[in-house]
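Per the working numbering, the sequence shown starts with residue 293, numbered consecutively.
Hints are computed from structural coordinates only; laboratory data are not their basis.
Keep in mind that a hint or two might mislead.
In silico DSSO-like links for lysine-lysine, alpha-carbon gap of 30 Å or less [unchecked claim]:
hint : residue 1 : residue 2
1    : 333       : 322
2    : 300       : 322
3    : 294       : 322
4    : 298       : 322
5    : 294       : 320
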Amino acid sequence: MKAKPKTKPQVFIIESLNFDDEAEELYKGKAISQMLALSGKECLYVYIRTRAELEAVLEQFWDSRYRYLHLSASVLSRQFDRDGNYAR
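Turn these sequences into a full structure, and let the hints steer you where they fit.
Below is the structure:
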């Protein structure tokens, strides 16, 4: 009897863009999720804007037991302000 895997071989995508990339609709993570769906692969796509959302979504990823986490972000080099939002 084969043991069940601890994680599901699925992709969890978290995306966050700066305002310029949003205006140009450069949602690469969303495009990846659509390509995976077309190929029959289960995935979950989440768009975030704040640090609090990131923390909550990371908990959601952990609870999902998905094996792969893909981060698509153009704001990683930016600082968070005191309220946990991305500083401009």
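We went through each hint and held it up to the structure:
With a C-alpha separation of about 14 Å, the suggested pairing of residue 333 with residue 322 holds against the 30 Å cut-off. The straight-line distance between the Cα atoms of residue 300 and residue 322 is roughly 20 Å, inside the 30 Å bound, and the hint therefore holds. For the proposed pair residue 294 and residue 322, the alpha carbon gap of about 35 Å is over 30 Å, so the pair is violated. Of the pairs offered as hints, the one joining residue 298 and residue 322 holds, with about 26 Å between alpha carbons and a cut-off of 30 Å not exceeded.
Annotation: proposed proximity of residue 294 to residue 320 is violated, straight-line Cα distance about 37 Å (limit 30 Å).
Consistency with the previously given hints fails for numbers 3 and 5, ordered from lowest to highest.
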